[in-house]
Amino acid sequence: MPLKLLVTVKRVEDPESKIRPTPDGTGIVTDGVSYKMNPFDEIAVEEALRLKEAHGGEVVVASIGGDKAATELRAALAMGADRGVLVRHEAALDPGVVSAILERLVAEERPDLVVMGKQAIDDDQNQTGQMLAARLSWPQATFASKKESLESEAEQRRQPGLAVSADGTRVEVVREVDGGVETLDVALPAVVTVDLRLNKPRFASLPGIIKAKKKEIREVPAASLGVDLAPGVVVRRLLEPPRRQAGVKVVDVAELWTKLHSEAKVL
Amino acid sequence: MSNVLVVAEQSRSTLRKATLSALTAAREVARRTGGDVSALVLGSGAGAAAEELAAHGVSVRMADSPALAHPLAEAHAPVVAAAARAAGATWIVAAATAYGKDVLPRAAIALGAAVATEVLAISGEGADILLRRPMWAGNVIAEVELRSAVKSFTVRPTEFAPAERAPGGSVTPLPVTEGSTGLRTRWVGLEEVKSDRPELAEARVVVAGGRGTKGDFGPITGLADALGAAVGASRAAVDSGWVPNDWQVGQTGKVVAPELYVAAGISGAIQHVAGMKGAKVIVAINKDADAPIFQIADYGLVADLFQAVPELRERLARDG
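Chains as they are written, first to last, in the working numbering: chain A, 90 to 356; chain B, 862 to 1181.
Hints in this document: simulated from the structure, not taken from any laboratory.
Note that this is a predicted model, so its numbers are computed, not measured.
Beta carbons are placed, not taken as given, at the ideal position from N, Cα and C, and that holds for glycine.
Just to be clear, a hint being listed does not mean it is correct.
Label pairs and their in silico Cβ distance ranges [what the hints assert, rightly or not]:
hint	chain 1	residue 1	chain 2	residue 2	range
1	A	D156	B	G1083	41 to 47 Å
2	B	P927	A	V337	54 to 60 Å
3	A	E308	B	G973	25 to 31 Å
4	A	R109	B	K1148	26 to 32 Å
5	B	E1060	A	R109	31 to 37 Å
Partner residues are not named here, just some residues of chain B that face chain A (Cβ under 7 Å, in silico) [unchecked claim]:
hint	residue
6	A977
7	A1003
8	E1053
9	S1101
All chains should be modelled from the sequences, with the hints used to inform the complete structure.
Listed below in structure tokens is the structure:
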């Protein structure tokens, strides 16, 4: 059974960038910072593409923001997604507002499965997928992973980690939880949020990048959706975390032992 | 005046220690807003966990139903929301564990509540409470305000001392009307990582390995067992399938704050450091003298872990 898949994509600071707050605490220093698709969202796009390759169907990618968000939608289209939806909104957001916007998109697009990153590496919230599932009264399977490692043959063959049943009514999801891996079987439609070890995302190919330029990105003004756009989580200020000072280098294990035993007194 | 509800977490009727950190955070909110704290335990036959929590001086509602036997968000979140309404709760607090992160945002939507995750500290008084939480892998701390009428947050357990035992607690049943018949989530199973070692998030000492182990965690687990320590790992080691995912320390794995953290063959990517920089003493053992881990380590040893780690273990056996 072909699957209609909706994947969410957020533009974030490159995780390798050194992020620090501005002195007045109203934002972050953006000099020298580059931007890319949230790494968890890349995994979500990859998984949706694999599901489409296995079952047929369509992959729709959605983002909220301005022209820069469209850049990341284009990146997902270059990976192989079929079309994009850009919700135009430039003001501050929180997971409550984002999930309300996504609820409206789901009503329009009617996907069988929404695949999302479990968190974005900028605000590290880890709640939007759960909130979307709650708003839709859909089942949720968060922190999706798989039992095979990222070095396994199944991964080399780009098999989906999410096991959609042949009749397209259910999906079996392996989840990373405290103490092990849990398996859930959820009825579709559902929301799945993905963890790091579900797959290794592909790179966009040159033909993929060229094709992506012609793919449709539908634009929707956020104000047209009838959603309360006032965030419930409001950042008052950003602060530097306490910094650790570099300590000392020891020359050998004997000196390390002495330091730990006599100076730090932890052994 | 505000009532604060703690959503407890239990497994096979054993209370998770992280819940006691959430209780401490809940009491701090209650103190600052002039409210009362109560707690909710969900499960099937989990009375012992409820009694254990009540032994920390809190009144506990026990939602006991076969429908709640497994920690399914679809089943648990509506009960959390119903219990919050019944308690007149304006704050809902849970530990930032896999369970808390899964269930609380789902329950929050039913209550119209905004959620802050991984809260590190609480400040302010009355209606003006501010919560500190990490962003960008802990490189920035945000001070946030929740503008909803009902507010909720998850607590990073390492930042709040577990509540002490205290008299005055009680357990009363909370009738559960929600059944399991309408559930569209079926629990299939849990493959547990079985270990005699202490739990990673609660261990006094953690010995962790990374890419530098090249997949051989023998020296790491050997030293850990000699120290009675938990074993941790960097994302690289877990992604390679060398060790269970449950061992990952970092931005998206476990956050630990032991007295001693030994990082062997770990370069110190910011995502890893986010999970262990709260350790009291950090030891780094790495062949690469330029590895960023040395910038945060109290004691750095530039050495091959395959020689240094077993040698440290021998030293411990001889002189420890």
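Consistency of the hints with the structure:
Here the CB-CB span from D156/A to G1083/B is close to 55 Å, at odds with the stated 41 to 47 Å. Between P927/B and V337/A the beta carbon distance is about 58 Å. The supplied range of 54 to 60 Å therefore holds. With their beta carbons about 29 Å apart, E308/A and G973/B fall inside the hinted range of 25 to 31 Å. In this structure the supplied range 26 to 32 Å holds for R109/A paired with K1148/B, their Cβ-Cβ distance being about 29 Å.
Look at E1060/B against R109/A: about 33 Å separates their beta carbons, and that is inside 31 to 37 Å. Below 7 Å, beta-carbon pairs count as interface contacts, and A977/B has one with chain A at about 6 Å; its hint therefore holds. For A1003/B, the shortest C-beta to C-beta distance to chain A is roughly 5 Å, which falls under 7 Å, so the interface hint holds. The beta carbon of E1053/B comes within 4 Å of a beta carbon in chain A, closer than 7 Å, and the hint placing it at the interface holds.
The interface hint given for S1101/B is met, as the beta carbon of that residue sits about 6 Å from the closest beta carbon of chain A, less than 7 Å.
In terms of the numbered hints stated before, the structure departs from hint 1 and from no other.
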